[in-house]
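Trainee: Listed here are the chains, written in short residue letters.
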Amino acid sequence: RKEVEQDPGPFNVPEGATVAFNCTYSNSASQSFFWYRQDCRKEPKLLMSVYSSGNEDGRFTAQLNRASQYISLLIRDSKLSDSATYLCVVNMGGSEKLVFGKGTKLTVNP
Amino acid sequence: NAGVMQNPRHLVRRRGQEARLRCSPMKGHSHVYWYRQLPEEGLKFMVYLQKENIIDESGMPKERFSAEFPKEGPSILRIQQVVRGDSAAYFCASQEGTNEQFFGPGTRLTVL
Numbered sequence: 001r002k003e004v005e006q007d008p009g010p011f012n013v014p015e016g017a018t019v020a021f022n023c024t025y026s027n028s029a030s031q032s033f034f035w036y037r038q039d040c041r042k043e044p045k046l047l048m049s050v051y052s053s054g055n056e057d058g059r060f061t062a063q064l065n066r067a068s069q070y071i072s073l074l075i076r077d078s079k080l081s082d083s084a085t086y087l088c089v090v091n092m093g094g095s096e097k098l099v100f101g102k103g104t105k106l107t108v109n110p
Numbered sequence: 111n112a113g114v115m116q117n118p119r120h121l122v123r124r125r126g127q128e129a130r131l132r133c134s135p136m137k138g139h140s141h142v143y144w145y146r147q148l149p150e151e152g153l154k155f156m157v158y159l160q161k162e163n164i165i166d167e168s169g170m171p172k173e174r175f176s177a178e179f180p181k182e183g184p185s186i187l188r189i190q191q192v193v194r195g196d197s198a199a200y201f202c203a204s205q206e207g208t209n210e211q212f213f214g215p216g217t218r219l220t221v222l
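Going line by line, the protein sequences match chains A and B. Counted from 1, the first sequence has number 31 at position 31 by this note's numbering; the numbering is strictly sequential. To convert, take the position in the second sequence, counting from 1, and add 110; that gives this note's numbering.
These are computed hints drawn from the structure, not numbers from a lab. Take these hints with a grain of salt, some might be off.
[To be verified] In silico PhoX-like cross-links for lysine-lysine, where the CA-CA straight-line distance does not exceed 25 Å:
{"no.": "1", "chain 1": "B", "residue 1": "137", "chain 2": "A", "residue 2": "42"}
{"no.": "2", "chain 1": "A", "residue 1": "45", "chain 2": "B", "residue 2": "172"}
{"no.": "3", "chain 1": "A", "residue 1": "45", "chain 2": "B", "residue 2": "137"}
{"no.": "4", "chain 1": "B", "residue 1": "161", "chain 2": "B", "residue 2": "172"}
{"no.": "5", "chain 1": "A", "residue 1": "79", "chain 2": "A", "residue 2": "45"}
{"no.": "6", "chain 1": "A", "residue 1": "102", "chain 2": "B", "residue 2": "154"}
{"no.": "7", "chain 1": "B", "residue 1": "154", "chain 2": "A", "residue 2": "2"}
{"no.": "8", "chain 1": "A", "residue 1": "102", "chain 2": "A", "residue 2": "45"}
{"no.": "9", "chain 1": "B", "residue 1": "172", "chain 2": "A", "residue 2": "2"}
{"no.": "10", "chain 1": "B", "residue 1": "172", "chain 2": "B", "residue 2": "137"}
{"no.": "11", "chain 1": "B", "residue 1": "161", "chain 2": "B", "residue 2": "181"}
{"no.": "12", "chain 1": "A", "residue 1": "102", "chain 2": "B", "residue 2": "181"}
{"no.": "13", "chain 1": "A", "residue 1": "105", "chain 2": "B", "residue 2": "172"}
{"no.": "14", "chain 1": "B", "residue 1": "181", "chain 2": "A", "residue 2": "42"}
Turn these sequences into a full structure, and let the hints guide you.
Mentor: Shown next as structure tokens:
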């Protein structure tokens with residue numbers, strides 16, 4: 001089983017749609033969780049950290065379920081500029097190295 | 111405050127040559143991580159360094175790859191005798207404490 005698994009995608013949605021990404025992780029000792037965004041041929045950039053209580057940043061909502069080892073990202077009212085690959089990322093602790101999922105590509109169409 | 115800098119941005123090597131990738135962390139950051147992204151794949155951790163020390167090299171291939179982060183100057187990822195399978199984007203990230211890792215723009219290595 002892969003350490004971090006994501007929806008394979010790709011997702012193609014119209015502007016204004018709500019889209020949800022799911023992710024599971026295998027190591028129950030994982031300590032920190034993140035969603036990163038990566039534009040084509042660019043570096044990953046932190047979108048938001050994910051907390052057990054759930055957290056929201058504008059149109060973006062992230063949820064963590066430690067019991068199920070499941071992480072989600074919800075994007076509401078999607079914009080053309082949301083088109084990117086979304087990476088589910090887990091920090092196992094210890095050396096602070098990040099473990100990345102393969103990413104889910106989102107295309108928002110006009 | 112400049113971000114993480116990597117150079118070169120693009121590097122072309124022939125099989126058997128050496129590749130040297132450089133990473134200058136953000137000012138005040140003493141932790142450097144190297145990740146590799148193969149085409150159509152996710153980023154994979156390679157090595158974690160602090161000044162003059164390798165902390166975790168569990169993701170480094172056993173042969174041909176080495177990394178350093180000297181007291182002065184940038185971190186260097188060195189690949190000897192490159193092969194076509196080494197073609198990838200190599201990203202460096204820097205961090206201070208347990209805060210966010212900031213990524214550099216990457217070096218795209220192409221091996222002919």
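Trainee: Each hint should be assessed against the structure and marked as holding or not.
Mentor: Verification of the hints:
Restraint check: the Cα-Cα separation between residue 137 (chain B) and residue 42 (chain A) comes to about 21 Å, which is no more than 25 Å; the hinted pair holds. Straight-line distance between C-alpha atoms of residue 45 (chain A) and residue 172 (chain B) comes to about 29 Å, which puts the hinted pair past the 25 Å bound. Proximity of residue 45 (chain A) to residue 137 (chain B) is assessed by CA-CA distance (about 18 Å); at most 25 Å being required, the pair is judged to hold. Between residue 161 (chain B) and residue 172 (chain B) the alpha-carbon distance is near 22 Å, which keeps this suggested pair within the 25 Å criterion.
Note on residue 79 (chain A) and residue 45 (chain A): the hinted pairing holds, with a Cα-Cα distance of about 18 Å set against a maximum of 25 Å. Among the hinted pairs, residue 102 (chain A) with residue 154 (chain B) is consistent with the structure: their alpha-carbon atoms are about 10 Å apart, no more than 25 Å. Proposed proximity of residue 154 (chain B) and residue 2 (chain A) is supported: the alpha carbons are some 12 Å apart, at most 25 Å. For the suggested pair residue 102 (chain A) and residue 45 (chain A), the alpha carbons sit about 15 Å apart, so the restraint of at most 25 Å is met.
Pair hint residue 172 (chain B) plus residue 2 (chain A) holds up; C-alpha atoms about 21 Å apart against a cutoff of 25 Å. For the proposed pair residue 172 (chain B) and residue 137 (chain B), the alpha carbon gap of about 31 Å is over 25 Å, so the pair is violated. In summary, the hint linking residue 161 (chain B) to residue 181 (chain B) is supported, as the alpha carbons are separated by about 6 Å, within the 25 Å threshold. Under the criterion of a C-alpha separation no larger than 25 Å, the hint pairing residue 102 (chain A) with residue 181 (chain B) is inconsistent with the structure, at around 34 Å.
A hinted pair counts as satisfied when its Cα atoms are at most 25 Å apart, and residue 105 (chain A) with residue 172 (chain B) does not qualify at roughly 32 Å. Proximity of residue 181 (chain B) to residue 42 (chain A) is assessed by CA-CA distance (about 29 Å); at most 25 Å being required, the pair is judged violated.
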